[in-house]
Amino acid sequence: MPRFPIRKEPSSEDDGVVRGTISESDYTHITKVLRLGAGDRITVFDTESTEYEGILTDISSEAITLRVHDTRRLQTEPELELNLFQAILKGSRMDGVISQATQLGVSEVFPVISERTQVRSTAKVDRWNKIALESTKQCGRTVPPAVSQPVDFRDSFGIKKQSEMKVILYENQGKLLGDFMKSLTRPVNSINVYIGPEGGFSKEEITLAGENGYMALGLGKRILRAETASLVGLALLQSRFGDI
Numbered sequence: 010m011p012r013f014p015i016r017k018e019p020s021s022e023d024d025g026v027v028r029g030t031i032s033e034s035d036y037t038h039i040t041k042v043l044r045l046g047a048g049d050r051i052t053v054f055d056t057e058s059t060e061y062e063g064i065l066t067d068i069s070s071e072a073i074t075l076r077v078h079d080t081r082r083l084q085t086e087p088e089l090e091l092n093l094f095q096a097i098l099k100g101s102r103m104d105g106v107i108s109q110a111t112q113l114g115v116s117e118v119f120p121v122i123s124e125r126t127q128v129r130s131t132a133k134v135d136r137w138n139k140i141a142l143e144s145t146k147q148c149g150r151t152v153p154p155a156v157s158q159p160v161d162f163r164d165s166f167g168i169k170k171q172s173e174m175k176v177i178l179y180e181n182q183g184k185l186l187g188d189f190m191k192s193l194t195r196p197v198n199s200i201n202v203y204i205g206p207e208g209g210f211s212k213e214e215i216t217l218a219g220e221n222g223y224m225a226l227g228l229g230k231r232i233l234r235a236e237t238a239s240l241v242g243l244a245l246l247q248s249r250f251g252d253i
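The sequence shown begins at 10 in my numbering and counts up by one.
Heads up, a few of these hints could be off.
Claimed, not checked - Straight line, CA to CA, 27 Å or less: simulated DSSO-like cross-link-like pairs of lysine-lysine:
#: 1; residue 1: K230; residue 2: K184
#: 2; residue 1: K184; residue 2: K169
#: 3; residue 1: K139; residue 2: K169
#: 4; residue 1: K170; residue 2: K191
#: 5; residue 1: K41; residue 2: K133
#: 6; residue 1: K99; residue 2: K230
#: 7; residue 1: K212; residue 2: K230
#: 8; residue 1: K169; residue 2: K191
#: 9; residue 1: K99; residue 2: K169
#: 10; residue 1: K99; residue 2: K146
#: 11; residue 1: K133; residue 2: K99
#: 12; residue 1: K170; residue 2: K184
#: 13; residue 1: K41; residue 2: K17
#: 14; residue 1: K212; residue 2: K184
#: 15; residue 1: K139; residue 2: K99
#: 16; residue 1: K169; residue 2: K133
#: 17; residue 1: K170; residue 2: K133
#: 18; residue 1: K133; residue 2: K146
#: 19; residue 1: K99; residue 2: K212
#: 20; residue 1: K169; residue 2: K212
#: 21; residue 1: K17; residue 2: K146
Said to hold, decoys possible - Simulated restraints on C-beta separations:
#: 22; residue 1: T40; residue 2: K230; range: 44 to 54 Å
#: 23; residue 1: T40; residue 2: S211; range: 42 to 52 Å
#: 24; residue 1: V42; residue 2: D188; range: 41 to 51 Å
#: 25; residue 1: E220; residue 2: T59; range: 41 to 51 Å
Because the hints were derived from the structure by calculation, they are not lab data.
Don't be surprised by glycine CBs; every beta carbon is placed ideally from N, CA and C.
Using the sequences and the accompanying hints, generate a full structural model.
So this is what it looks like as structure tokens:
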């Protein structure tokens, strides 16, 4: 059953009815693509991790109303704060990383312009946030990760400075992320992870990251594509410190 985010009106459940605002694109999807209308079953969710299943009673380009049959409190938002600093990738590869990062429970995404980044400027931030929202609908989350405006690599170290664990993935590093995680016995609640572009990070960037408290770690003997490294790195971190 399709799921759509709403901005719920206060105290709208008192009469067994939920009312909330929806986006223009969701209105189009509901009415033009799915062709749903009054009397059809639909599921909506709010940013407080509550999902409502019910019968659509009214819909306009700005609001939706449904009579609720079932209310569920979801526990799909991760407790681990996992911040992805992803060097911008070419073409649709960045789209894929945004989608996968959302499914893997990333808290925020910071597109980074590094030395070897081939995309130096972009107008795709709105698109990336829409991809994050669509992935949120698909995977059962209720709060999409925010995708920020691109930031220069050197300037990015001023972001999320208080995170407990700071990692930069580097293909020329013998010490592996998996081994490092096994050696930790204390819980970790917040992580920053940097993942490079096509061609990886330069030695100078790794040195700069180390000066800012980041540990360079590898993912194994094989050199992974940038988008694969993102998927593997995030999954490993979530499996050790998160909810996978």
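Hints, one by one, checked against the model:
no.	hint	verdict
1	K230 with K184	holds, 11 Å
2	K184 with K169	holds, 24 Å
3	K139 with K169	holds, 23 Å
4	K170 with K191	holds, 24 Å
5	K41 with K133	holds, 25 Å
6	K99 with K230	holds, 25 Å
7	K212 with K230	holds, 18 Å
8	K169 with K191	holds, 24 Å
9	K99 with K169	holds, 25 Å
10	K99 with K146	holds, 25 Å
11	K133 with K99	holds, 11 Å
12	K170 with K184	holds, 23 Å
13	K41 with K17	holds, 23 Å
14	K212 with K184	holds, 16 Å
15	K139 with K99	holds, 18 Å
16	K169 with K133	holds, 23 Å
17	K170 with K133	holds, 26 Å
18	K133 with K146	holds, 20 Å
19	K99 with K212	holds, 22 Å
20	K169 with K212	holds, 23 Å
21	K17 with K146	holds, 16 Å
22	T40 with K230: 44 to 54 Å	holds, 52 Å
23	T40 with S211: 42 to 52 Å	holds, 50 Å
24	V42 with D188: 41 to 51 Å	holds, 48 Å
25	E220 with T59: 41 to 51 Å	holds, 44 Å
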